[in-house]
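**Q** Sequence:
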Amino acid sequence: MTTDPMRAASGRQGGGVPWGKTAGLLAAGLLAWAGEAEASGFQLREQSSEGLGNAFAGSTAKAYNLSTIFYNPAGMTRLSGNQTAGSATWIAPVAHFSGQNIRGGVATSGGMGGDAIQDAAVGASYLMWDAHPDFKMGLALTAPFGLRSEYDKDWVGRYHALQSDVTNINLSPSLAYRVNEHLSVGGAVQLAYTEATLSQALNLSALGMADGRATVKGHDVAPGFDIGLLYEFTPATRVGVNWRSQMSYTLEGKAKYRVPAALAAAVPTLRTVDAKADLTTPDTVSMGIYHEVTPDWAVMSDIAWTNWSTFDELRVKYEDGRPDSVTDESWHDTWFFSLGTTYRVAEAHKVHFGVAYDQTPVYDKYRTARIPDSDRYWISAGYTYDMGNDNNVNVGYTHIFADTAKINESSSTAGTLSGKYESHVDIFSASFVWKF
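The opening residue of the sequence shown carries number 882 in my numbering; numbering runs sequentially from there.
Hints were generated in silico from the structure; no laboratory data involved.
Hints are not guaranteed to be accurate.
Under the rule of at most 25 angstroms between Cα atoms (straight-line distance), these lysine-lysine pairs were calculated in the DSS-like manner [said to hold, decoys possible]:
(1) 1098 with 1157
(2) 1135 with 1198
(3) 1316 with 1157
(4) 1198 with 1157
Please read these numbers as outputs of a predicted model, since none were measured by experiment.
Use the sequences and the hints to build the structure in full.
**A** So, in structure tokens, the structure goes:
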């Protein structure tokens, strides 16, 4: 997003306030801070409280409860009886910037932005109909992607980013079928809605005016699918594989500017305008293994590959015919590795533990105030209470340590933001399973 109103009237790409890059926030904001909220990029893994306790190790294979509809729908064949489940997760990130922004050889005034990443709640709901011992039907309502961030309005990087708010809701009807005593297959159709609200400050100092503000809002609906396999070597050992497809959005919306009316009248590119930006959320392939060492002790692991290299550029197109705004992102594919264990300490009580490594898709040279993503390391614990008749409650906790994220973001109008981010995340989750 460019911010020099004196150059905006030309309407040329790279000129002042043309909101060449302002409209880009419509899609680019989807990539901001969700990584610090939980997973790499803007992915959210928290679809299960019980799974959180294992750092999601074995989630593709263990099929303990209805969250398998999300992680591997084939796992429904291991469940019996009509049942429903729900989880609520509280994500409490802390992210602090330290550094400076230099524009025209002068340091931008302001603070460090405060705790930029806002706490957020993530929910998941599941329903399964036991149509036949070998055939199950499920429904999931989840939030696979999302973010919520807001810097102090007077921070030094305000011309790069202020607010990023994205909501993603995914509805997935699914089926699972047991082919034989060893092999089960499953699949789902996905329909997802994404809404984004993004903003940053406008530098109007050249006109002797206080900062303005640009806000972009947009939304779209996209389809996708999910395919899973579960192979049970023995009653104690199984392996699962799952593929969640790409989902392609055309985010359509408007850019609005909070500037003096006289300025908006004089500069056409400071008026409300329609724009759109294509965005593809990546496909993910995961494989998990689960093994019961004894009837009371199980070990598990998961590996997940995410096709983030599909996000090589952000191209924004404008209704008024001005040139596209193109930002080189050049993300790379990522891996997620997790190990976990579950132990039954008493008939109705289980404890869960896990660790994980989550790789960032962002190269150092492409890191921005909207995408200060870095590698992260998980440590998790959880507890399950079995109330009988397959009804249970779960709680989980994870602490995430994030690598220091160095930043050196330059813009001809916003300046050069240099420094680093220090971050960590605490995640709390609770869920229930009710059989009826």
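**Q** A separate judgement is required for each hint: does it hold in the structure or not?
**A** To see whether the hints hold, each was checked on the structure:
no.: 1; hint: 1098 with 1157; result: 10 angstroms, holds
no.: 2; hint: 1135 with 1198; result: 12 angstroms, holds
no.: 3; hint: 1316 with 1157; result: 45 angstroms, violated
no.: 4; hint: 1198 with 1157; result: 6 angstroms, holds
This entry does not satisfy hint 3, going by the numbered hints stated previously; all others are met.
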